[in-house]
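There are 2 protein chains.
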Amino acid sequence: MERLNRTPRLDNPDSDALRREILDYFHTTFDRYEQLFEVLTCDEAFTVKPIALRHPLIFYYGHTATFFINKLLLSGLVEQRINPRFESIFAIGVDEMSWDDLNDDHYNWPSVAEVKAYRDQVRQTLDRIIREAPLSSPINWEHPWWTIVMGIEHERIHLETSSVLIRQHELRYVQPHPAWPVCRDSGPAPANQLIEVPAGKTVLGKSRENSRYGWDNEYGHREIMLDSFKAAQMLTSNQEFLAFVEAGGYIERRWWSEEGWNWRDFTGAVHPTFWVESEDGWQLRLMCEQVYMPWDWPVEVNCHEAEAFCRWKAEQTGELIRLPSEDEWYRLFDLARVVEPDNTGPVNANLHLDHFASSCSVYRFAQGDFYDVSGNVWQWTQTPIYPFEGFEVHPYYDDFTTPTFDDRHNLIKGGSWISCGNESLRSARYAFRRHFFQHAGFRYIAADAPKDTPSSRYESDALASQYAEFHYGDEHFGVANFPRALACLAIELTGEGRRGKALDLGCATGRASLELARHFDQVDGVDFSARLINLGVQLQQQGRLRYTLPDEGELVSYHERDLASLGLADTADRVSFMQGDACNLKPILSGYDLILAANLIDRLYSPRQFLSQVHTRLNPGGLLLIASPYTWLEEHTPKEEWLGGFKRDGENVTTLDGLHEVLDEHFELIRGPKAVPFVIRETRRKFQHTLSEVTCWRLRG
Amino acid sequence: MERLNRTPRLDNPDSDALRREILDYFHTTFDRYEQLFEVLTCDEAFTVKPIALRHPLIFYYGHTATFFINKLLLSGLVEQRINPRFESIFAIGVDEMSWDDLNDDHYNWPSVAEVKAYRDQVRQTLDRIIREAPLSSPINWEHPWWTIVMGIEHERIHLETSSVLIRQHELRYVQPHPAWPVCRDSGPAPANQLIEVPAGKTVLGKSRENSRYGWDNEYGHREIMLDSFKAAQMLTSNQEFLAFVEAGGYIERRWWSEEGWNWRDFTGAVHPTFWVESEDGWQLRLMCEQVYMPWDWPVEVNCHEAEAFCRWKAEQTGELIRLPSEDEWYRLFDLARVVEPDNTGPVNANLHLDHFASSCSVYRFAQGDFYDVSGNVWQWTQTPIYPFEGFEVHPYYDDFTTPTFDDRHNLIKGGSWISCGNESLRSARYAFRRHFFQHAGFRYIAADAPKDTPSSRYESDALASQYAEFHYGDEHFGVANFPRALACLAIELTGEGRRGKALDLGCATGRASLELARHFDQVDGVDFSARLINLGVQLQQQGRLRYTLPDEGELVSYHERDLASLGLADTADRVSFMQGDACNLKPILSGYDLILAANLIDRLYSPRQFLSQVHTRLNPGGLLLIASPYTWLEEHTPKEEWLGGFKRDGENVTTLDGLHEVLDEHFELIRGPKAVPFVIRETRRKFQHTLSEVTCWRLRG
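Each protein sequence line maps, in turn, to chains G and S. For what it's worth, this note's numbering labels the leading residue of the first sequence as 421, then goes sequentially. For what it's worth, this note's numbering labels the leading residue of the second sequence as 421, then goes sequentially.
Please keep in mind that the hints were generated in silico from the structure rather than gathered at the bench. Small disclaimer: the values here were computed from a predicted structure and weren't measured. Possibly wrong hints are sitting among the right ones.
Identical chains share a label here; the pair holds if one copy fits it or two copies do between them.
Listed next, the in silico DSS-like pairs over lysine-lysine satisfying Cα-Cα at most 30 Å (straight line) [claimed, not checked]:
| # | residue 1 | residue 2 |
| --- | --- | --- |
| 1 | Lys1067 | Lys469 |
| 2 | Lys1067 | Lys871 |
| 3 | Lys626 | Lys1106 |
| 4 | Lys1094 | Lys1059 |
| 5 | Lys1106 | Lys1094 |
| 6 | Lys626 | Lys1067 |
| 7 | Lys536 | Lys1067 |
| 8 | Lys1106 | Lys1067 |
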């Protein structure tokens, strides 16, 4: 096959050369994508759905063209739509959807000819823009032309995913095509073996300075020391997998995760999806034809099947067989000194359409001590996709990755025979639902469970996110961070000499606890709400916190905060977070030099119960710092438990009066009342702006 | 009787003399009050309730003493309670209460001796304070000693109200007493007659510089021109009222207001409450005895009975007989040149206990052309008590008057034989529920309905008050008044030359409408909510607005705003407020040069419906100014009607995008988007702080 051009270096200082390269990259990609659809035998092949939960191929035919227009509208390179109707129907629906959304009745697909005519219009438009629009090198993330490369790389992704859909189509709808030549070599597979991988460091994440296009999830940084482990030399072949099938692997519940078994149960699968049992024995469905089973080619399965195989294999071998983590795959990649596709010649991997339009033998492409660390088929990892430290969404494509940060989309690595452009790079990070099929198989490893599994989650619980932003987020209206301000006041009042123990009652997401730990030797952060504490614990343990915030209507923005930039990394381990009830504190919570009760008392069911006992928790001379806007609400505190904010015997009783009534027996007021403001963000434009009254009380004696 | 000393002038520059006068005023009042209870025959008379809905007399015996302690605690003159239990049980319950609150089971009254001992303690405390506490003259509203005079005047009020309760007690509980001598003169009443009162101005309200103590409701200012009217020369006598009774006045529904008839129906009254039908004919209950009916004494009735009499009398005479307004009573007072009690001798009125411990003949005390403009019995007016312009509550007694601003408490004027101190002054303003009995009767007048009836209401609807404060109240966090800022922007954009018509859609309480009227010849303020518009109308028509705001818990503060100090008095009449639906505007609302839609679009059920039609309401070149925080909520706007804040075809659609989609056909964006902040006060310490995005659109053509 003619070698498909590589994803360009976008920092070429020669703008004219860069423009020419992008123009060529665009047309080649657009051509190759259209050529894929030439394997379809008739127009009906475009409109009959290959699998129930995905759109028919006509959608994907139009979709990559529409994507260009939509993204270039955002960047301003395109000023108006070409075909508003097409650009609506071809805009979304790539992901698996519920039955309703894909009900055929809701779609009246245009004809193939109409879509081809539309594609031609888009091609002309892009051609003109790439030839004529002003271009200053380098093209980076903020550059308007980023959206042009985004569109091309997007089409290259769909080149692969559409090839999978075509492979899932009925045979009568497809035909072999000279532009898509399959590998004709196959035979029995050699025995696989585990090879020792020494301990070592691996570094993940793409720098913003990298000259080649990347998706949002690739950027950021991660370094990790890995213990030694053993990895299979080759990908698992059809032959190696057959043993599992013949051992009844698909009907034995215990090899499967719960989620995997649900999938197996639902589908009734008893062998890999592209395997076909025929009178002549096992055959394999390729993209456009069916062939006798090439036993030495990699088996193609989803993540559940791969994991079930590993559990079975572990019992067979007595080894800790499992899928590698993403980190472990990178360790293999680096050790094997895999070379990415470049312009010097065909790549040493079944990758980028340099060799075949199909898989090939698992021992054809050696890379170091291994085969197929990159190329042939994608390799499932056990790692759900997660954002690296420093992750940001791209403003023009903010839902490329974020919807997959849900612990349900696992990373696949290494690329397949049809992975081109960005997909073929070491830095590529794609993830799919674990039951999905791609041109994907797996390599197993033998190792203990990995020690460090990063969290994939953006906190989206509205209250928890609001508190996270309140504690760790941006300042608004010039109001200083509230928990930090209180912690500073507490430290000032405690005095330099004294360190000792502090209790942050009602710590919520924990900012004041972490701030107090700059000074105190030990800080206990206690809150009634586990879901709030969890964010503090996450920040403390993982060093960072991610959450979404409502911006406008249903639109959200993505936020990341980390301990280091807050200056809290060195002292965070002095904090213990725990769940507790301020009105009924565990006996162990005592002996404090400071108790901070910030925005707590007007949320307790019995503030008097708390305040009348709090002196027993303090060391002599210890401080009680209370901050509250005194927003008494019956939903939190029955009226008879309010400390103030009512009339008694005809006279106003303020909460400050009530505090004196309860506290004067054991405490003296040494500071305040003083108003300290705080701001809580509800949306991009709506905030709560409140004054908390701060009083500081010293325990007598 | 010995003349009771008068309420002192508190600006006596001789502090020692002032101190002596107050000491004397205190002891005299405390003595006279205790002397009142000497008419009771036994301890049981203290604890049996004279009327069902009031506490027994033992409460009132203790209450006036407790009041001193409570108020002096607030001003700091007393540092600690004398008897916390007594000071709780004697603190509240003066007003009529529901049955539950006065259930005897809930009260365990102390003995009379215990209360007397407590009173002695309070007397000693007060004596010491008045002798020893630092005193700088003058004593004004802010002065700590104001609470001492407050306590004394408070006791003088209860001297009168307790005398009414004693009068309602069973005869066996009371006995005549030499300190309380009744008038023994009586006879047939002369015919009453209507006397012409010329038109003229009357001025109400006490100045802050006035040297004598006043309650909060007396301060402020009101001037009014009254048309001429006719007023009865004398109070209505028992004899004059008898005709109404004998005419079946109490059983004929048509003479009574609905509220009055409900009272009559509930009580079954067929004659005045102090009248007693005996075998010897009509008798009259006095405070401590029952006497043959003194026909020439004033009848004592409640407001409902007085009004029923007037309606009956009107039919009898063909004149427009009714109760006077408070204003009209002041006109009589000034014309009759009534002299207030002073230290030159007994006052020329049956007032201040200078003459009798009972009423006397309605033609005994002539004042100008009339009798008893002041004194004998209080006179009901048709005016529910309301605050004068400039009203403020006293911080140490914030519920003296405010609970009566409810249109259910009518003013009584002129004082009775037992009205002493502040009660005896022209400036006194007391009000009771219309069905209550005091030593009160009435003088009727003949006149058209008064033209100007001030509103007694403090708006306490939470949302309406919040908007009133948002539009007319204080600035917080340095954020400029929002509706004013928008109106200024609108005027700036309209340009100096153009005046014309403006529409303020979603005007709420109307500030922007009133601000726009500084510039535009005509402004229409339209809102969906009548309860919000009403406040704008009230401000426009009455020149002021009053509302309460939540401060802390159930505690509220009282606020008054007026057109003049907002600089809006001269142009307010250019505004027409009306109710309307922005999505379905009346055809007449068109031909505008400016339409302001402030914080409106995200509260409409169909903003698109409004925006797609709004161009038909504007003159060519007219401006549409939109301000909104784009806080889309399904409770206001179904999601399919949102203008933005969602994804469409995979891309973010902001509200600004949505505005362009709807408006670009007819408008061009000439200013913005620009964030303009606003602050809404929820409590004393809690605020909404929001950024509204402002865009200005000009109609093409």
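>> Hints numbered earlier in the text: which of these fail when held up against the supplied structure?
In response: 2, 3
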